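For chain A, the structure is supplied; the task is to place chains B and C on it using the hints.
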Amino acid sequence: MTNHWVDIRNADLIIVMGGNPAEAHPVGFRWVMEAREHNDARLVVVDPRFNRTAAVADDYAEIRTGTDIAFLGGLIHYLIENDRIQRDYVRAYTDASLIVSPEFGFEDGLFTGYDADSGEYDKASWQYEYDDEGHARRDASLEHPRCVFQLMRRHYSRYTLDVVNSVCGTPREKIQRVWDAIAETAAPDKTMTFLYALGWTQHSIGSQIIRTAAIVQLLLGNMGMRGGGVNALRGHSNIQGLTDLGLLSNLLPGYLTLPRSDEQDYEEYILERARPPLVPDEVSYWRHYERFHVSLMKAWFGAAAREENDWCYDWLPKLGTPIYDILHTFERMHQGEVNGYICQGFNPLAAFPHKAKITASLSRLKFLVVIDPLRTETAEFWKNHGDYHDVDPAEIDTEVFRLPTTCFAEEDGTIVNSSRWLQWFWAAAPPPGEARADTAIMAGIFLRLQQLYREEGGAFADPLLNLHWPYRRPDEPSPEELAREYNGWALEDVRDEERNLVIRAGEQVEDFGMLRADGSTACGCWLFAGCWTEGGNQMVRRDNSDPYGTGQTLGWAWSWPANRRILYNRASARPDGTPWAPGKAVVWWNGQRWVGNDVPDFPPTSAPDDGQAPFIMNQTGRGQLFARDRMNEGPFPEHYEPFETPIANNPLHPDNPLAKHNPGARVFERDRENFGTFEEFPHAATSYRLTEHFHYWTMHNRLNAIAQPEKFVEIGASLAEELGIAKGDRVRVSSKRGYIEAVAVVTKRIRPLQVAGQTVHQVGIPLHWGFLGETKKSYLTNTLTPSVGDANTQTPEYKSFLVRVEKL
Amino acid sequence: MRGDQINLQNVIARSATQEPSPQERSGGVERVTKLIDVSRCIGCKACQVACAEWNDLRDEVGNNEGVYDNPLDLTPDTWQVMRFDEHEDEQGNLEWLIRKDNCMHCAEPGCLEACPAPGAIVQYANGIVDFNSEHCIGCGYCVSGCPFDVPRISKKDHKAYKCTLCSDRVFHGLEPACVKSCPTGSIMFGTREEMLDLAETRTSFLKGRGFDNAGVYNPEGVDGTHVIYVLQHADRPGLYSHLPEDPRISPLVDAWKGVTKPLASVAIGISALTGFVHYVTAGPKEHGEEDEAAVREDDAREREREERP
Amino acid sequence: MTLRVTRRQFFKLGAAGMATSSMAMMGFAPEPAVASIRHFKLTGAKITRSNCTYCSVGCGVLLYSRGDAAINVVDDIYHVEGDPDHPVSRGSLCPKGAGLLDYIQSDSRLRYPQVREPGSDEWRRISWDEAFDRIARHMKDDRDANFVTDDEDGNSVNRWTTTGMLAASASTNETAYLTHKVVRSLGMVAFDNQARV
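Protein chains in written order, with the numbering used here: chain A, -11 to 796; chain B, 726 to 1034; chain C, 1324 to 1520.
Watch out, some of these pointers could steer you wrong.
[As the list claims (entries may be wrong)] Rough simulated footprint, nothing fancy, chain A against chain C, three-plus residues with beta-carbon under 8 angstroms:
id: 1; segment: 1378 to 1388
id: 2; segment: 1419 to 1433
id: 3; segment: 1466 to 1477
id: 4; segment: 1480 to 1490
[Claimed, not checked] Straight-line alpha carbon distances no greater than 30 angstroms define the calculated DSBU-like cross-link-like pairs of lysine-lysine that follow:
id: 5; chain 1: B; residue 1: K881; chain 2: A; residue 2: K764
id: 6; chain 1: B; residue 1: K880; chain 2: A; residue 2: K764
id: 7; chain 1: B; residue 1: K932; chain 2: A; residue 2: K736
These are computed hints drawn from the structure, not numbers from a lab.
A quick note: this is a predicted structure, and the numbers were derived from the prediction, not measured.
A virtual CB, placed ideally from N, CA and C, is assigned to each residue, including glycine.
The following block holds chain A by itself, in its conformation from the complex:
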């Protein structure tokens, strides 16, 4: 979240799109209810289903799954053409005035530089026009035909109300009603918040949907404001933390990135990332990249990381393909190129798309290690569970280990919620049987490996033999030791440019500003610097007072970065440093420095007259309406159809088959054979969570099993009538990849849509239930979903695919 849960109460309008917080985040949703009651806010839900969030909303608009860019692109068009944007904000705080290279273009659904054979773009033209200093040219009047504002205006001019209506299937008057409500928040004293979750990310165009929302918020001046922002509600309890700590194939902690194979030179690796400002004198905070990187290498490799060996640069694996994401890994596993796999609290058989492919892939492994508190389908993928999972154990040669681990109630540590708060919690009881903490299990495996390498030697052993392992109990590093390590500490006395002592050797760093690129500091995750200082563990703090009445509770736990609660909060004030509106004030200039009810997200003494812009992590200092080369399918979001679409073509580009689906999506040729067509599978399906369950865990809990005991699918009343299905009937739902059977919930809450001149029925398939646990045994929903991913995140398209529903 750019903002945080309690801040939702400061909003005047809450748009829930691509999320369903009443079901997936009910307690966080409380702050939506508070905004309605105490801030006279309106709640609007745009979703394929009238869900439990819609049940308490002020307005609801139905939409075809996977068409949110069209809906929001139309909104951008409407806001610009009717001058319902916050002009001062747009001019000062976005890149609207920057001029784009004349090489850049967009034609019939494709941006310049597309190579149809590789399915990739050459992004060279996706740049601003630069002067000799390397700074982007600007036109403050926003009139230049190639300034970002005019290009964007032209790009979305195609997204008229009629087009949006035809693509999304949302009735015209509802679209207009929602757009009007949103447009109201262009006023400086009004804010709207977008609440979204996996309903936006799990599309082949997921990242660009979110970018479209960000553009809307920038146009309305809602970023950095109380009650504003683009707020990812996120799915799991520490998915934020694991992202921050970089547990993704291409990342290192703190959003540092692994080098590519062709980045052989350390200096070049750093230069590529320590990016200079593109507008004179902007902060461009990433220019400190090397401080964070070197401090990480010191935390990991200790004394072995030296300037002479480029801080062990050679020890970092170099990526041979842009990303070894899960679709890529399972494609390789399916082809027999992967021998071992470790699942730590992850249930891929249930959670990944195209279950048949996952089963076949796991069967080709030599060994599989599952570390989990619970029985999982993955650990038992070799076992026959009848119709629900029909395999022959005798034919599966995978050696499977199942290691029992603690659950949250049996361990100390922190998780990062979607507000970015690191909250410490404590164990209440010992784990069952011989279960051990995950840290002890990782240490146990690692120490054995280390021992084997010491005894036998082996491939490239230096990194693992020299891994910094200072833990008092090597086989069980404590959470306290690990937390202190990712906070960071000084290895030598650190001095500033005037030789004043900043921090003594051995002390914990207070913030990431103390980190150095000369090897004098170590830090496991620069973003978390400040969480465990010389003042102790900041994450245990429990002062819930709210002296400003803004909901920031700065004394509760610790929020990254630097205990800041609202990101980009400099933008809550006008360029002159006064708040846009008293009721929305976060930080302001008091004549000497930035002060306020939150930690300023800005250099504290950078005066308004200096003119630095608020988005300090960006090279332009500005909110990026134009993404340059940072997105893989284009600088402006464009609507593309889901890979399994219920209509014949992309209504925006009916004559260009290359622009039917996302041209940059993650898709493997062999998976294309497993995509169905609407002729065979006419119903548009989407999968989702229910409030009574959490994925495939709570089916092991009697209380939750009672509350929602058996797999069902939701079918609109009119489709049900067409197919002769009554509520409670059993139905079969098939896709090109398999079928499931479940009970039919027939509902008025899913209405047929008129899309591009035809009727589209949508079918809702909750993702819960499997063949283990306390609930009724069932098929796994991901039997049905396709193996295709977003162009930037590679997140599979769980939310839009095609099925056929039949009565059993």
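Using the frame of chain A, we list chains B and C on its own:
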């Protein structure tokens, strides 16, 4: 026995008992009320789960019957359920009305009036109507006495069960488990006065959002309830899974009371004792027409309940 | 006293009902007709502050356990409810949070390391030592056989692609940090967590 430790002076009514409870130390006990604002309910069932967890109840794992509701109905192990109704108005606007259904803790409790087992049902000064299972004889009279169809008889021990409004928590200064868990503030708890005020505030809010018929459900027929609803359509409580328009204690109970009232006299008491001895030695008397009708009515209710989705 | 009387039977027993009432009136009640409120089950419990690890709201929870961690006791969690001090949740919990007890105590919790041998149809309990030894052996054999130090273009790449790992987005930062550190020291790249999906 366990109940002995409770301050008896908090009991203001006790089933099938004539002797008054101690009343001198009546100060300091406020009537409490649980408010359920249906317009804020997301049907998440947190209350349902929290209720079962707190009260150590684990019902059977059921089936899906084509609706979100589960368990489908109250049982001896499920003391509250969420009931989901899809309501389309004349303009085609859809509302998903979700009502938490549980004991209403009536000011004039039909169950208590009907109960023949001394002390099996009590009403505390704070308004909570509680089943005192040790004394329950499983007769089911509370079921027919309840205008809201709440109590359920266990097949395991032949005793009646229902929501206690977490009397154990409330007597220790806590709110009921369902109230505490509620993520949206749909369920609120406090003194009766505070809740009635809050209900008015919530009603005005709803009227401001276009629900002209919003209102409070606190039915007079049972002298008000200690569980009250805020409804978007207070003029049509039936929309909410057949919430009764004008609940009253079943005439059967009045008939029953008509018979028992004279028992205040010792003479009749003695004759009844004689009757009891006669029953024990010679079996039951013939029942009257009135009772026969009551049985039929009760059976009909039961059938209706079973047929409900 | 437990009378096994069905409801229908009872309707037939009007007089008996009367008798019970009047007997109580005359002091013949089978048991004292007093109120019985359930014993308050949290008295004396140890309370531990924690966080729910289902969704990303991060609600504060209070874990109530029997036992005070004295040397002669094995503590046992028997109730979970919301932490009213928590600024986001303020004591509330959703149905998943409210049901956490049944997760902690679930029959599906794993208690011992186990192995399923190739082609076998069953789990076999093993010791931690055996588990660690066998897993480390597998990993080392695969790593030594397939580690790539240089790619076709002669670049030094030092990566291991034939064993992968999925980390858990419900694990703690401390687990995640240690896991990441170990995984990269081995050169592993096929490494993701739920944030990828």
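Evaluated hints:
no., hint, in the structure
1, 1378 to 1388, "holds (count 8)"
2, 1419 to 1433, "holds (count 14)"
3, 1466 to 1477, "holds (count 8)"
4, 1480 to 1490, "holds (count 11)"
5, K881/B - K764/A, "24 angstroms, holds"
6, K880/B - K764/A, "24 angstroms, holds"
7, K932/B - K736/A, "25 angstroms, holds"
Violated hints for the displayed structure: none, as all numbered hints are satisfied.
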